[in-house]
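Visitor: Using the hints, build the complex out of the two chains.
Protein sequences appear in the order of chains A and B. First residue of the first sequence? That's 5 in the working numbering, and the numbers climb one at a time after it. First residue of the second sequence? That's 75 in the working numbering, and the numbers climb one at a time after it.
Please keep in mind that the hints were generated in silico from the structure rather than gathered at the bench. Even for Gly, the Cβ is constructed at its ideal location relative to N, Cα and C. Incorrect hints may appear among the rest.
What the hints assert, rightly or not - Chain B residues, not near chain A, derived (Cβ > 10 Å throughout):
no., residue
1, Q87
2, S89
3, T114
4, P144
5, T145
6, F150
7, F162
8, S167
9, L179
10, K198
To be verified - With a straight-line cut-off of 25 Å between C-alpha atoms, the simulated SDA-like cross-links for lysine to any residue are:
no., chain 1, residue 1, chain 2, residue 2
11, A, K185, B, K198
12, B, K118, A, S148
13, A, K69, A, P200
14, B, K178, B, D204
15, A, K62, A, E107
16, A, K184, A, R196
17, A, K41, B, K155
18, A, K185, B, K133
19, A, K41, B, S89
20, B, K208, A, P58
21, A, K50, B, D185
22, A, K50, B, K192
23, A, K185, B, A180
24, A, K191, A, K69
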Amino acid sequence: MPRGSRGTPEVNSSSMADIAFLLLIFFLVTTTIATDKGLTLTLPPKADPNQPPPDITKNQRNIFKILVNSSDRILVEDEPMTDISGLRDQVKEFILNFGQPDEETQALYNSLPASLKALSKRSESSSDDPTEAVVSFKADRGTSYDVYIAILDELQGAYYEIYGERIGLTADEFRSLDRKKPDEQEKYTIAREGFPMNISIAEPTKIGGN
Amino acid sequence: MAKFKKKSSTSQQISTASLPDIIFMLLFFFMVTTVLRESTIMVKQSIPKATQLRKLEQKKLVSYMYVGKPTDTKKFGSEPKIQANDAFIDVESIIQFIEEEKGKLAEHEKDQLTISLKVDDETKMGIVVDITQKMRDVNARKLMYAASRRAED
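Chain B extracted, bound-state conformation (with noise of 0.2 Å):
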């Protein structure tokens, strides 16, 4: 019994000096890994899940649509608006976009571009089938319905 005795009766202390480095290691982790928002999003985002999910190779080659119920309803409405760069655009000015969209590619990237649309789960397919059609009209075939994983049962 005297020997554990002696070695309980000194007090033991958790040395903290490698905390700052723990806490260090984690920040460069988060540095790394964040990419600050370009725009603010002004529609309500709940992406939808699925399985099946692709990744995107070159960021540079996409462009953002969002799509959902503005989160200001009061000033914009309850219907759902379709947001690119920074403001609401409407259907009509959506070839435009992805014609300025295009504009700052290389010309042989111009028909790489991939549109990933961002669009809240409680939208109706009306306002997205528009979306298509504008592409299609454009030549920006390549379409991405952005979605989050869901675990595979």
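Here chain A stands alone, though its shape is the one from the complex (with noise of 0.2 Å):
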């Protein structure tokens, strides 16, 4: 029998979008989204128990103090607050404040951009240089978590706007600088230079919580 006359057998391919269907549906279900995103920081190292503690010599006009209790309220340089939203500026304003500033940190002043050198009150009885400025945030151990984050994501944020706007990023496009890249890195030295990330985070009180 000659083989053209049987036909080509052909598979039904009718069903394969209901299998391609039960397949999509069972990895939707199951996807979770890459969440590998947070707030990254790195703790300090122990304390040496033969050695006192350092005596703080810092002025009291180099710290900014942030005190939250274990009913959430929030106490910012000795005045309550209630909404958050403004302490960003708060902190911004604080760091690049340089009352006093030294010769190496006056060169730093020099080099900021018009939109930083604004916010730059000059004032006396604020932070001197941002080399000193430390912002200092102390909670409670009953303080809820979702507050803390709050605040330390503003604290966070004011400084990585400040690098941003020095060399012409958005706090975003700042912190997505792949440092792998060495271009990149170098952006990301460049504009943390001469300003480090001062955030204290102090050990809390136990007044609430467990």
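Guide: Structural data, given as structure tokens:
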């Protein structure tokens, strides 16, 4: 029998769509799109028990104090605060104050773009320069985690916005710089030059919580 | 008018021949992006929102700890607990957990271990602080508070 007369056998593909749908739905349900994002920070090294804690000789004007108690009330520079949305600008003003810069930090000030210079009040009663300025954040064991994260977010945001603005990027663009690429690493270093992220997270009080 | 009538008289059918292709495309997208969960999470997880998020570069240098109220409150109570690798651990065994995680890494990567803390937003700071203290004790100083994106206003 000649082969041609049988007709070529064909696989019925009409159920292909159904099979694909089934698989699709399975993956839709099991998918958790990777959410490896968050606020990064580096903890200070462990305190050496043989050495006494170092004396703190910082002037009060160089410390920006944030306290949160166990009922989530916030105290910023001894003033109660209910809405934290203004915190970021306060922190930026504090860091960029340049009250009493020395030669080196005066040069740093001169290198800033005009938009950042405008925030600088050069007040005697606020921070001397960005290397001296420390943002101190102290919570209580009873503080809720989301308030803590919200404040930490604002503090880091203040720094990232300054870093970004120095090299003409937004805070978002600065954070997504890929430090594996040499040119982006260079930008990153330039942006952070002279502005250490001095966020000091103090050991919390034990009034509330467990 | 006749022109228009002629056109409408032919019955129009949408061809479904390309449907399987479209579905397959979607399927491949989801297959590629899917990360199957390695461990079942036994604590409540509603991750707080934040704006200043950074991505973690190298996944293999990351270890996860989950903190929150147990979902099975009858069995485990309603106090926040720490989960690492499929089991609840207490604060004291965090050191052991981190040492184990460090042991999985090559020598030069050991100090690069990042702990990603996935903490439920209803948790109080006390337990989180205990974890960070233990991390400092074993010199695992890279920390990430996991958070999801909040639209900036």
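Visitor: If a hint holds in the structure, say so; if it does not, say that too.
Guide: Hints versus structure:
Distance check for Q87/B against chain A: the nearest CB is about 16 Å away, which clears 10 Å, and the non-interface claim stands. A cut-off of 10 Å between C-beta atoms confirms that S89/B is not in contact with chain A; the least separation is 13 Å. No beta-carbon of chain A is positioned within 10 Å of the beta-carbon of T114/B; the least distance is around 12 Å. At roughly 15 Å, the least C-beta separation between P144/B and chain A is larger than 10 Å, which holds for a residue marked as non-interface.
Even its closest Cβ contact with chain A, about 17 Å, leaves T145/B beyond 10 Å, as expected for a residue assigned away from the interface. Even its closest Cβ contact with chain A, about 16 Å, leaves F150/B beyond 10 Å, as expected for a residue assigned away from the interface. Non-interface call for F162/B relative to chain A: holds, since the shortest CB-CB distance, roughly 16 Å, exceeds 10 Å. Listed as outside the interface, S167/B is consistent with that label: its C-beta sits roughly 18 Å from the nearest C-beta of chain A, beyond the 10 Å cut-off.
At roughly 17 Å, the least C-beta separation between L179/B and chain A is larger than 10 Å, which holds for a residue marked as non-interface. Not every C-beta of chain A lies more than 10 Å from that of K198/B, the closest at about 5 Å, which undercuts listing it as non-interface. For the given pair, K185/A sits about 39 Å from K198/B by alpha-carbon distance, which is inconsistent with the 25 Å threshold. In summary, the hint linking K118/B to S148/A is supported, as the alpha carbons are separated by about 15 Å, within the 25 Å threshold.
Between K69/A and P200/A the CA atoms are separated by roughly 17 Å; this keeps the pair inside 25 Å, and the hint holds. Pair hint K178/B plus D204/B holds up; C-alpha atoms about 24 Å apart against a cutoff of 25 Å. Using a Cα cut-off of 25 Å, the hinted pair K62/A and E107/A holds, with the two alpha carbons roughly 20 Å apart. Using a Cα cut-off of 25 Å, the hinted pair K184/A and R196/A holds, with the two alpha carbons roughly 16 Å apart.
A distance of roughly 22 Å separates the Cα atoms of K41/A and K155/B; the hinted pair therefore holds under the 25 Å criterion. Simply put, K185/A and K133/B have alpha-carbon atoms about 18 Å apart, close enough for the 25 Å limit, and the pair holds. Between K41/A and S89/B, the direct Cα distance comes to roughly 43 Å. Violation of the 25 Å bound is thereby established for this hinted pair. Distance hint between K208/B and P58/A is fulfilled; the C-alpha atoms sit about 22 Å from each other, no more than 25 Å.
With a CA separation close to 14 Å, the supplied pair K50/A and D185/B stays within the 25 Å bound. At roughly 23 Å between alpha-carbon atoms, K50/A and K192/B fall within 25 Å of each other, so this suggested pair holds. With a CA separation close to 23 Å, the supplied pair K185/A and A180/B stays within the 25 Å bound. Note on K191/A and K69/A: the hinted pairing is violated, with a Cα-Cα distance of about 30 Å set against a maximum of 25 Å.
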